Each structure stands twice: as C-alpha cells, then as structure tokens.
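Visitor: Here is what each chain is made of, one letter per residue.
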Amino acid sequence: MLGKTADGLFWMFRYLERNENTARLLDAGFRIALTRADAAENEWASVLTTIGIEQAFLEQYERMETAHVIDFLLRDPSNASSVTSMIQAARDNARLLRTALTRELWSATNECWLTLRELLARPVRERELPFVLNTIQQQNALLNGTLHSTMMRNEVFNFARLGTFLERADNTARILDVKYYLLLPSVSLIGSSLDNVQWETILRSVSAQRSYHRLHKGDVRPREIANFLMLDLRMPRSLAFCYSKIVDNLTHLAKDYGARQPCIDQAETVFARLTNRSIEDIFESGLHEFIQDFIRDNNALGSQIEKDYRFYG
Amino acid sequence: MSDPKNVFDEMFGTGEQYREPYRDYRQWFESQDAAWLHRKSDEAETVFRKIGITFNVYGEEEASERLIPFDVVPRIISSREWSRLVRGIRQRIQAMNAFLYDVYHRKEIFRAGRIPIEVIANNTAFLPQMIGVSPPGNVYTHVVGVDIVRTGENEFYVLEDNARTPSGVSYMLENREIMLQMFPELFARVNVQAVGNYPKNLRRSLGNCVPRSYEGTPVIAVLTPGIYNSAYFEHAFLAGQMGAELVEGHDLRVVDGRIAMRTTQGYVPIDVIYRRVDDDYLDPLNFNQQSLLGVPGIFDVYRAGGVTIANAPGTGIADDKAVYSYMPDIIEFYTGEKALLKNVPTWRCAEPDALRYVLDHLAELVVKEVHGSGGYGMLVGPAASNKKLVEFRNKLKTTPGKYIAQPTLSLSTTPILTKNGLDPRHVDLRIFVLVSPNEIHMTPGGLTRVALNKGSLIVNSSQGGGTKDTWVLEE
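If you're matching them up, the sequences are chains D and G in order.
All residue numbers for the first sequence refer to our numbering, where the first residue is 1 and numbers rise by one.
All residue numbers for the second sequence refer to our numbering, where the first residue is 1 and numbers rise by one.
It cannot be assumed that every hint is accurate.
[Stated by the list, open to error] Below, in silico cross-link-like pairs of lysine to aspartate or glutamate (DMTMM-like), each with a Cα-Cα straight-line distance of 25 Å or less:
id, chain 1, residue 1, chain 2, residue 2
1, G, Lys342, G, Asp102
2, D, Lys307, G, Glu160
3, G, Lys40, D, Glu118
4, G, Lys50, D, Glu111
5, G, Lys40, D, Glu104
6, G, Lys200, D, Glu104
7, G, Lys50, D, Asp297
8, G, Lys40, D, Asp92
9, G, Lys200, G, Glu177
10, G, Lys454, G, Asp256
11, G, Lys50, D, Asp177
12, G, Lys50, D, Asp92
13, G, Lys342, G, Glu332
14, G, Lys107, G, Glu351
15, G, Lys454, G, Glu160
16, D, Lys179, D, Glu104
FYI, nobody ran anything at the bench for these hints, they're computed from the structure.
Since we're looking at a predicted model, the values are computed, not measured.
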C-alpha cells in the first residue's frame with residue numbers, strides 16, 4: 001500500500017472520530033447550558049479547551065454564548081476542527097484513497113458529507129441541535145458499520161482503526177485532563193450537587209452514562225468514573241480499550257508485513273501502563289501527571305506510526 | 001445551429017419508420033409509463049451524485065464538482081455498423097503507431113515528400129527527446145479515444161484521434177452500470193454487448209507492454225495529476241478496477257534505475273505507468289522545470305528501458321490537428337490501403353489559399369485551435385455572434401498557423417427524454433481503443449456525448465453536453 005494511502009486512511013478516520021467526539025461534547029455541554037444557566041459559560045470553556053480551540057474562539061467572540069459556541073463548533077470555516085471542516089477533510093482524504101475503499105464505504109462517506117453539508121448550510125438553532133447532533137452520530141455509525149461489514153481485515157482496515165483509536169484515546173484523555181480535579185479523591189468528600197452534575201457530564205461526553213450506571217447500580221463515585229474511563233477494558237472509549245485495539249492493529253500489521261516496527265514497542269509500553277496497575281496506584285503517583293504523560297505519549301505514537309510506515313517519505 | 005431537415009436521426013432515419021437497431025428498444029419504450037420513466041431519470045441523477053461520479057470544472061473554485069447530465073435513452077449501434085467502425089479504427093491506429101515510430105526514427109514519410117517536414121519541425125507536440133527511442137513493443141498509443149461523428153446511414157467520420165490521455169471511459173462503464181440497475185428487464189429483451197471488461201482488458205493490454213527490466217507479475221500504477229484534475233474520478237476509478245495503485249509524482253522516485261513508489265513497506269518498483277499527466281509535466285529534469293506533478297528523472301529511466309510509460313511521451317504529435325489533416329496520406333503510406341474511415345475535410349490556415357477560403361466562408365465553418373481540446377477556444381460559425389466572428393477573423397489574420405477549419409458537419413441525432421417525450425439532439429461517439437504488441441482491441445460501446453440544448457452541435461461536458469449509454473447489439 002502507498003504510504004500516502006496509509007496516511008489518508010489514518011487521518012480520514014481521525015477526522016471522523018473527532019466529529020463524533022465534538023457532537024458528544026456539544027451534547028453534554030448543551031445539557032448543562034439548558035439546565036444550569038449559571039454554569040454554562042464554564043462548561044463551554046471546558047468543552048473548547050478539551051477540543052483545543054478555546055484561544056481561537058476567544059479571538060472571534062468575547063463571551064462563551066451558547067449560540068456562538070454551537071456555530072463555532074459545528075460550522076465555522078475558520079475553525080479547522082469544526083464539524084464542517086472535518087467532514088470536508090475526511091471526504092477529501094476519501095477521494096484521494098478511493099481505490100482502497102469498498103464502493104459501499106466510499107458511498108457512505110460521500111453521503112455523510114452530502115448530508116452534513118446540507119444540514120449545516122445554515123446556522124443551527126438551539127431547538128434543532130439535538131436532531132443535528134444525533135444525525136452526526138448516526139452518519140458516523142453508518143460509516144463505521146459499513147467499514148466493518150464490507151472492508152477486508154487487512155492493512156487498509158488496520159490504518160483506519162489506528163486513526164480511530166488514537167483520536168479516541170486523545171479525546172478521552174483530554175476530557176480527563178480538563179476535568180481531572182473533579183475526580184480527585186479529596187473532592188468526593190465534599191460531594192456537592194454540582195459535582196454530581198459534573199460527573200454525569202463527564203459520562204455523557206463519552207456516551208457512557210447507561211453502561212456506568214448498569215455497572216455500578218447508580219452509585220456515582222469519582223474513583224469509579226476514573227477507573228471506567230481509563231482502565232476498564234470493556235468500555236469502548238476507555239484509554240485501555242483504545243490501546244488494546246491499537247496494539248492489536250499494529251500487531252496485525254507487523255505480522256502481515258513480516259517486520260516489527262518501533263511503534264509497536266511504544267504502544268505496548270503505554271498499554272502496559274494501563275493494565276499493570278490499579279486506579280489507586282495512579283491516584284497515588286498523580287492523576288494529572290499520568291494523564292498529561294498519556295497525551296504526550298499518544299501523540300508521540302502517532303508520529304512514530306507516520307514515520308515507521310512512511311506516510312510522508 | 002443545424003438545419004433539422006437534413007439531419008440524420010439514428011432512431012427514425014430520415015422518415016417516420018424506426019431504424020432496425022432501435023426496434024426492440026422502441027417496443028419496450030412504447031409500453032412504459034412516461035411518468036415512471038421521468039422518475040427513473042431523476043433517480044439516475046441521485047445515484048450519480050451519491051456515488052460521486054463528478055468532474056471538476058476548470059476556472060471555478062476548487063470545491064466545485066459537477067455531474068455530467070445523463071440521458072436514459074440509449075444510443076444504439078448495430079453489430080454490422082460496429083464491425084465497420086472496428087475495421088476502420090484498427091487500420092487507423094496501426095498507421096498512427098507506424099507514423100510515430102517513423103517520426104522519431106528515420107522520418108521516411110517526410111523524405112518521401114508525403115508530408116512537409118514543417119508540420120513537425122515547428123510543432124510543440126513533437127518531442128525531440130524521443131528521437132531514436134523505441135518504446136517497448138514499439139507501441140506508442142496504448143489507450144486511444146477516437147471521436148466518431150455520423151452524418152447519414154453510411155457516413156461516418158473520424159473527428160479527432162485523442163491519442164494523448166483521453167478520458168471518458170469511466171462514464172462508459174458507469175452509464176452501463178446505472179442502466180442495468182434501473183432497467184434490468186430491458187437487457188433481458190435486447191441483446192447488448194457487454195462493456196464491463198474494459199478495466200480487465202486495460203490491465204492485460206498494459207501488462208503486455210512491459211519494459212525489458214520486467215520480471216514476475218507486472219506492477220502497474222496510474223499516475224494522476226491529483227485530486228483537482230477534472231478527470232480525477234476516472235483515474236481513481238480505473239486504478240481501483242484494475243487493482244493498480246493510484247500514484248502522484250511525489251509518491252515516486254528513481255531507485256536503482258527503476259521507478260519506485262513509496263509504500264508502507266518501503267520503495268516498490270513499477271513496470272508500467274499508465275499516466276494521465278501531460279508530457280510537459282512528466283519530468284521536471286527533462287521537460288517543464290516548473291512541474292510539480294512529475295517525477296524527476298523518469299524520462300531517463302524510460303529511455304534506458306526501466307519502465308513503460310503509457311501513452312508514450314511524444315505521442316501528441318499524432319493527434320495534433322495539423323497532423324490530423326494528413327491522416328488519409330499517413331494511412332496510405334504505412335498500410336498501402338485507402339483509409340476506411342473518412343477524415344473531416346480540413347483547411348490548414350497556415351496555408352495562404354486555405355486561409356483565404358476560411359476567411360471568406362467563416363460563418364459556415366468550425367474553427368479549432370491546432371493544439372486545443374475540450375471544446376475550449378473554438379468557433380462554430382453558424383452559431384456564432386457577429387462579435388465572435390470578428391474576433392476570430394482577427395485571430396486568424398494574426399496567427400493563422402494556430403488554427404484549422406472544418407465544414408460544420410450535420411451531426412446525427414438521437415432522441416433524449418424531455419418533458420414532452422422524445423426529442424432529437426446531436427451526438428458524437430468516443431470509442432476506446434487498447435493497443436499492445438499483441439492486439440488492437442475496441443470495447444463494443446463507447447461514450448456517447450449529447451448536446452442537450454436543442455439544435456446545438458457542441459457536446460462537450462464543459463459546455464452543456466450530457467452522456468448516454470451506448471449499445472452495440474449482438475449479431
């Protein structure tokens with residue numbers, strides 16, 4: 001496979017995953033904005049920080065008004081991470097590597113682009129937001145479903161999945177990075193109702209409310225949330241889950257190509273850190289440091305994969 | 001504009017009766033509900049948009065992708081008519097390759113005085129770097145798109161030879177695909193020859209043109225200028241269908257005297273490059289130094305026999321419009337036979353007598369740029385405004401050598417589906433030819449382009465043209 005094609009696949013699926021994450025974060029933030037107007041500005045600030053575009057937003061707007069945040073995140077062309085920018089970039093990549101995709105997957109990508117482009121042609125009013133966010137997630141689900149049901153399990157699939165899980169791990173880690181202080185053991189002693197809402201928001205932003213409650217019978221505790229989002233191998237957006245998939249896909253590539261690249265050692269090291277210790281150990285040695293190290297290593301792994309598989313030359 | 005009275009319609013002939021090739025289709029058509037047919041027609045557009053079969057229009061913002069309008073009424077050719085076209089084109093392509101070899105080697109045809117040497121001497125399509133170079137199997141034109149027009153029951157003309165990087169074959173394939181999806185019962189009723197083997201045949205044909213350095217299974221790649229090229233969809237489509245890699249210049253480099261592509265497992269050598277990049281942009285070291293699309297040194301590898309480039313560099317000299325006018329002589333010189341297919345009479349404006357005639361009859365003629373293509377920069381005299389005529393008169397006087405002129409042919413029509421039922425529109429036909437040392441192969445069908453504006457003779461997609469599925473009937 002061409003290095004360029006691997007690069008295109010990897011980023012196409014990163015962009016798609018980022019869109020899904022943006023939709024989730026918007027959904028969680030919007031819930032706060034609706035129910036706790038006084039906390040809305042703070043919540044939007046943390047959403048923008050999580051995506052890494054708070055600065056860019058503040059260059060255009062003075063305050064974190066809901067309508068502006070929605071517009072900036074969904075459709076502002078000057079925001080390279082907006083949903084419209086991302087789906088355009090994903091589809092541009094798909095056009096570049098059309099030959100590597102099944103006809104069905106290309107069609108799903110093209111339809112996703114057509115649908116979102118039409119949906120986001122005009123500013124989205126607040127009452128339309130749930131429908132719009134739902135459509136973004138549905139379109140992504142269609143795309144991922146088509147990937148799974150039509151694509152061969154070969155290098156093409158591996159690079160696509162690597163993009164998905166590197167992006168997802170980054171997203172979950174960034175949510176934790178922005179909200180880590182809410183999960184510290186000392187905070188649980190305070191136990192105010194604001195914290196409860198904040199904890200629910202964290203779960204909501206990774207679509208894990210129902211699974212969490214099912215698992216813990218409605219008992220919302222920061223330690224459990226941290227464990228769930230970081231170390232639980234059953235939770236599809238946890239750091240550990242993402243890394244088990246990353247290691248799987250890199251192992252598959254190594255077998256397929258008959259050559260082990262340095263990136264797989266890096267991935268295994270990170271994965272080991274998520275599997276060979278308990279959440280208490282992590283709290284002990286510092287949650288914030290752990291998360292920051294993780295984000296740095298996750299980025300480094302991305303660069304190593306690009307290098308090992310000659311994305312750019 | 002054309003005079004409808006003298007026009008040959010391929011469904012009706014010149015009278016009320018249907019022509020034989022359309023008989024079965026008409027029987028089917030008559031029994032269909034008009035509203036249903038219109039719904040099918042809308043459905044086709046939706047499908048094309050979803051699949052993303054689009055082309056980019058030059059001069060518009062890069063994001064603009066357009067659909068070529070598709071008409072659901074097929075253009076039908078009998079097997080007898082097809083055999084005749086096949087014989088004529090085969091003869092022409094043989095002569096064309098012999099001519100190219102001669103042009104870049106002994107130049108016998110010029111020594112024999114059949115063509116003045118000036119035709120190539122001052123021609124930018126002539127590539128001096130190709131002198132003395134023999135491409136693998138002496139094949140220059142691996143893929144040709146011959147444009148045929150018809151003016152009567154037995155009147156076929158070759159309008160253009162398109163031997164550089166002809167496009168449109170993906171539309172031939174997708175048009176058939178969509179017709180099969182929409183009207184499956186129709187294909188059970190009418191015996192239409194399949195076109196779907198084109199990608200397989202292309203792969204085989206290119207694989208038969210491997211360079212000397214080749215070993216094992218030939219590695220084939222399609223070289224595209226990139227995502228913003230108007231035919232990008234087609235490049236991706238063909239690469240996908242052939243199971244070849246779709247590469248751009250920056251994916252390639254010279255490694256150990258071969259052209260190699262950067263893959264996730266290192267550099268892998270390529271045997272045959274089906275390039276959809278013009279000569280000028282192929283190699284910044286040997287041709288246009290500004291080109292970012294090509295591969296530095298590719299031409300040196302080619303000359304040393306390390307890779308096959310299809311079509312061969314320098315092929316453009318054979319489909320140049322000035323050379324076109326000599327095609328009947330070229331065919332006679334190399335095959336010893338009269339040309340089976342007619343050339344459109346052509347005035348070379350570089351010649352003073354011809355120029356005088358053209359200026360005197362400008363309003364009746366079609367004027368084309370010698371090096372132009374795609375319908376850009378041409379004048380259709382009978383349809384042109386006075387202003388446009390004056391403009392071309394001046395151009396012809398200042399730079400006559402840049403132009404040729406031809407009579408305005410009364411192109412045949414085939415009906416399209418309109419709100420008011422069937423209505424005739426002018427059509428042409430591009431036939432796709434694959435050339436290897438072993439054979440010259442034509443896919444039974446082609447791309448029918450149709451001028452959707454009533455009376456218009458311009459079929460180019462950039463100027464109001466659409467396409468139709470083209471059927472060649474089984475015997």
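Visitor: Against each hint, give a clear statement of whether it holds in the structure.
Guide: Against the structure, the hints:
1. G/Lys342 - G/Asp102: Satisfied, since the Cα-Cα distance of roughly 23 Å is no more than 25 Å.
2. D/Lys307 - G/Glu160: Not OK: D/Lys307 and G/Glu160 at ~48 Å, beyond 25 Å, violated.
3. G/Lys40 - D/Glu118: holds, 24 Å
4. G/Lys50 - D/Glu111: holds, 6 Å
5. G/Lys40 - D/Glu104: Between G/Lys40 and D/Glu104 the Cα gap is close to 22 Å, so the pair holds against 25 Å.
6. G/Lys200 - D/Glu104: holds, 21 Å
7. G/Lys50 - D/Asp297: With Cα atoms ~40 Å apart, G/Lys50 and D/Asp297 exceed 25 Å; violated.
8. G/Lys40 - D/Asp92: violated, 30 Å
9. G/Lys200 - G/Glu177: Holds. G/Lys200 to G/Glu177 sits at ~16 Å (cutoff 25 Å).
10. G/Lys454 - G/Asp256: Outside the cut-off at roughly 58 Å; violated.
11. G/Lys50 - D/Asp177: violated, 40 Å
12. G/Lys50 - D/Asp92: Distance ~15 Å between G/Lys50 and D/Asp92 Cα, so the pair holds.
13. G/Lys342 - G/Glu332: holds, 13 Å
14. G/Lys107 - G/Glu351: holds, 22 Å
15. G/Lys454 - G/Glu160: holds, 23 Å
16. D/Lys179 - D/Glu104: violated, 39 Å
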